[in-house]
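Based on the provided sequences and hints, a complete structural model is requested.
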Amino acid sequence: MIGVFDSGHGGLTVLKALVREFPGQAFTYLGDHGHAPYGNREPDEIYHLTLASLERLFALGCRLVVIACNTAAATGLRRLQHHWLPAHHPQRRVLGVLVPMVEAVTGVPWMADVTTRRPHGEARTVAVFATRHTVRSDAFAREIGSRAPEVTVVQQACPVLVDLIERDAPRDILARAVRRYTALLMRRLEGAAPSSVILGCTHYPLVAELFAAALPAGVEILSQPDITAKSLGAYLSRHPEFAGAGEPGQVRFHTTGDAVRVTSLATRFYGRPARFEALDAAAPRQIKIA
Numbered sequence: 038m039i040g041v042f043d044s045g046h047g048g049l050t051v052l053k054a055l056v057r058e059f060p061g062q063a064f065t066y067l068g069d070h071g072h073a074p075y076g077n078r079e080p081d082e083i084y085h086l087t088l089a090s091l092e093r094l095f096a097l098g099c100r101l102v103v104i105a106c107n108t109a110a111a112t113g114l115r116r117l118q119h120h121w122l123p124a125h126h127p128q129r130r131v132l133g134v135l136v137p138m139v140e141a142v143t144g145v146p147w148m149a150d151v152t153t154r155r156p157h158g159e160a161r162t163v164a165v166f167a168t169r170h171t172v173r174s175d176a177f178a179r180e181i182g183s184r185a186p187e188v189t190v191v192q193q194a195c196p197v198l199v200d201l202i203e204r205d206a207p208r209d210i211l212a213r214a215v216r217r218y219t220a221l222l223m224r225r226l227e228g229a230a231p232s233s234v235i236l237g238c239t240h241y242p243l244v245a246e247l248f249a250a251a252l253p254a255g256v257e258i259l260s261q262p263d264i265t266a267k268s269l270g271a272y273l274s275r276h277p278e279f280a281g282a283g284e285p286g287q288v289r290f291h292t293t294g295d296a297v298r299v300t301s302l303a304t305r306f307y308g309r310p311a312r313f314e315a316l317d318a319a320a321p322r323q324i325k326i327a
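For the sequence shown, position 163 matches number 200 in the working numbering, and the numbering has no gaps at all.
Worth flagging that the hints you see were computed from the coordinates, not collected in a lab. Computed from a predicted structure; not experimentally measured. Cβ atoms here follow ideal geometry from the backbone N, Cα and C, with glycine treated the same way. There may be inaccurate statements among the hints.
To be verified - Distance windows between CB atoms, simulated:
no., residue 1, residue 2, range
1, Glu278, Glu159, 35 to 41 Å
2, Ala220, Asp317, 41 to 47 Å
3, Ala124, Val197, 34 to 40 Å
4, Arg213, His126, 41 to 47 Å
5, Arg275, Ala124, 20 to 26 Å
6, Gly98, Arg169, 32 to 38 Å
7, Glu284, Asp317, 22 to 28 Å
8, Arg224, Arg57, 25 to 31 Å
9, Gly98, Arg225, 43 to 49 Å
Below, the structure is given as structure tokens:
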């Protein structure tokens, strides 16, 4: 069974793509709605909450978990992969949605030795729209820059967009917000269009067409859910031992928040009914942080 974790609803856009790509695979989704949003928390607190949710998913039988939360992945993915997992769960694996996007932009594997001198490709600009915390972490710029220094990364925080999407704001209000953020980015680029755009929040696929309308014609918008699904397929082909457990095609939904309220909001993100079950919002046990 494969786990998918997010602080809230956004990861359901990733789960939707994974279920479409792997209809025979069993998935368990966990939304940490009881502690959302993560964006206004300190990095150590985000890291601790992420580990607590991973522990929950491991306890539910998941041997592989996809962190479908850019804030959580940007804050601590490398740290937990290199230190916490080997020390506490060496037989489990954790992947993150940030990684496939970095690989897609640079063509360089996540685990490659980035200190090795590489031939430079064509200079280009990639724009990243994300939450304030993800932008502040500089994870996209840092990871892309270490692999492809010829790529200029320009980031734009979109502070209220997640809240507007979760509140199901009218389309004209969403469009106005997206136009404001794209205008701010284009002003910094002095009107020059980026070659491609990363929507660095799993809520943003729900308004991808608004970004496409606001950006100059021809700008490529990279789909994080689809790229993550393809990346997971490549990973499972290399590590088939992490696929196949659980009842084929079964998808379960858990939340640390109000299951009734979460269920009522989930359909918009998942595209079909998703009935959530409540888990205790308290940490399953004292987490040892490596």
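(message) Checking each numbered hint in turn, tell me which of them this model violates, lowest number first.
(response) 8
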